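Asks: Letter by letter, the chains look like this.
Protein chains: 2
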Amino acid sequence: MANNYAVSITAENRTGLIRDLGSVCAELNADINHLETSTIENTARIDIEIEYDGAVENLVEKIRKIPGVTSSLIHETSREIFGKRVIVIGGGAQVAQVAMGAVNEADRHNIRGERISVDTIPLVGEVNLARAVEAVARLPRASILVLAGSIMGGEITQSIKKIQTAGIPVICLKMAGSASDAADLVITDPIQAGVMAVMHVSSVGVFDIERVKGKEF
Amino acid sequence: MANNYAVSITAENRTGLIRDLGSVCAELNADINHLETSTIENTARIDIEIEYDGAVENLVEKIRKIPGVTSSLIHETSREIFGKRVIVIGGGAQVAQVAMGAVNEADRHNIRGERISVDTIPLVGEVNLARAVEAVARLPRASILVLAGSIMGGEITQSIKKIQTAGIPVICLKMAGSASDAADLVITDPIQAGVMAVMHVSSVGVFDIERVKGKEF
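Going down the list, the protein sequences come from chains A and B. According to my numbering, the first sequence is numbered sequentially starting from 143. According to my numbering, the second sequence is numbered sequentially starting from 143.
Please note that a few of the clues may not be correct.
Coverage of chain A stretches by chain B, computed from C-beta distances (three or more under 8 Å per stretch; other residues unrestricted) [as the list claims (entries may be wrong)]:
{"#": "1", "segment": "162-175"}
{"#": "2", "segment": "178-190"}
{"#": "3", "segment": "212-225"}
{"#": "4", "segment": "248-261"}
Once the Cα atoms are required to be at most 30 Å apart in a straight line, the calculated BS3-like pairs of lysine-lysine come out as [said to hold, decoys possible]:
{"#": "5", "chain 1": "B", "residue 1": "K204", "chain 2": "A", "residue 2": "K207"}
{"#": "6", "chain 1": "A", "residue 1": "K204", "chain 2": "B", "residue 2": "K304"}
{"#": "7", "chain 1": "A", "residue 1": "K226", "chain 2": "B", "residue 2": "K304"}
{"#": "8", "chain 1": "A", "residue 1": "K357", "chain 2": "A", "residue 2": "K304"}
{"#": "9", "chain 1": "A", "residue 1": "K226", "chain 2": "A", "residue 2": "K316"}
{"#": "10", "chain 1": "A", "residue 1": "K316", "chain 2": "A", "residue 2": "K357"}
{"#": "11", "chain 1": "A", "residue 1": "K304", "chain 2": "B", "residue 2": "K207"}
{"#": "12", "chain 1": "B", "residue 1": "K303", "chain 2": "B", "residue 2": "K226"}
{"#": "13", "chain 1": "B", "residue 1": "K304", "chain 2": "B", "residue 2": "K357"}
{"#": "14", "chain 1": "A", "residue 1": "K226", "chain 2": "B", "residue 2": "K303"}
{"#": "15", "chain 1": "B", "residue 1": "K207", "chain 2": "A", "residue 2": "K204"}
{"#": "16", "chain 1": "A", "residue 1": "K204", "chain 2": "B", "residue 2": "K204"}
{"#": "17", "chain 1": "B", "residue 1": "K226", "chain 2": "A", "residue 2": "K304"}
{"#": "18", "chain 1": "B", "residue 1": "K316", "chain 2": "B", "residue 2": "K355"}
{"#": "19", "chain 1": "A", "residue 1": "K207", "chain 2": "B", "residue 2": "K304"}
{"#": "20", "chain 1": "A", "residue 1": "K226", "chain 2": "B", "residue 2": "K226"}
{"#": "21", "chain 1": "B", "residue 1": "K357", "chain 2": "B", "residue 2": "K303"}
{"#": "22", "chain 1": "B", "residue 1": "K204", "chain 2": "A", "residue 2": "K304"}
{"#": "23", "chain 1": "A", "residue 1": "K357", "chain 2": "A", "residue 2": "K303"}
{"#": "24", "chain 1": "A", "residue 1": "K226", "chain 2": "A", "residue 2": "K357"}
{"#": "25", "chain 1": "A", "residue 1": "K316", "chain 2": "A", "residue 2": "K304"}
{"#": "26", "chain 1": "A", "residue 1": "K303", "chain 2": "B", "residue 2": "K226"}
To be clear, the hints were calculated from the coordinates, so they are not data collected in a lab. In this text the structure is predicted, and so the values were computed from the model without any measurement. Just so you know, even glycine gets a beta-carbon here, dropped at the ideal spot from N, CA and C.
The whole structure should be built from the sequences, with the hints applied where relevant.
Replies: This is how it looks when you write it as structure tokens:
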């Protein structure tokens, strides 16, 4: 069973750093799940998360030997720190209410040792919303989407179907437009929508969206 | 001036895929800023964001020629879709209030074409909070942190100092403990704390935390 590790690396900024890092990981059969780089002047900072079934110290030692690498530090993964993500997208007033329900419910779960975060963006316009919904499938650790608005349809509905195929369930507030027809669950009260979204992603809760699929509350 | 591109790649899952992707990018002098992989059965999905000053079509064509790659699709970057991130960490009740202020203010900005998202996690305990605060420096596009609680200090204060060094300003609610002494700004009302955090990261607003540094409202 492979374990997940997060490693922060600093290095002199040079071409081929990622290639060399990829080589070391391929050599040891370690899978890079996540990589983030930033550069300040001549120093590159690379944060990676890897799945590896060997001793992480060996891997880190090999990374340290990559030309230009000046330091590497093992720490907790973002899944251990920030956990699963409930994503809330829509109109400001309603996003704020869904967030309130979700944050308060996540608090109750996180106090008992889970890790659930609530990430939001208020947006306007069909195209903007459709692109953001579609992009949820590319967000690391995104586990469920709540659409909080008064009218959504058209391209947004197409994006909902795409992310459902990618394994992300969608809760919609009760609203005008075709979006709610495509949703896994329709909820009238934004606070409850936030709470139920968290309950669904929780690994201790008994609530499962599959069991109420297509219903409306 | 290099441009940013996001490319989603699907491929047969095999060892060395990231190394080969790194090689192609190194060859063309394209910088990988972000990489995220997920695997379903034998298919790997790789989302990358790259900085490149050439024609992106050339790069994508070379990526398509990597053995095992079955498709590649250019789309908007996560910065274009989700923008700068205001991060809110602390106790559930207060995180929800800060989020309300921040989401409503972000709505006003995003309506005018900006992209600001509000990402939160309710947490309890000095060590948990300290680790989460420190990890904000590793979150992509994190632009400011709001600490929303009633008492924070010790290790949390050390983490605040670390992320400030990494360029992330910190707003604290007025509260007990040493955290607020280290903050760039102390605000009593959680709604206002959320609003000011968004105003600071906005590229059109006139508010700059540097100009009120160390003050308390």
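Asks: Go through the numbered hints given earlier and state which of them the structure violates, listing their numbers in rising order.
Replies: none
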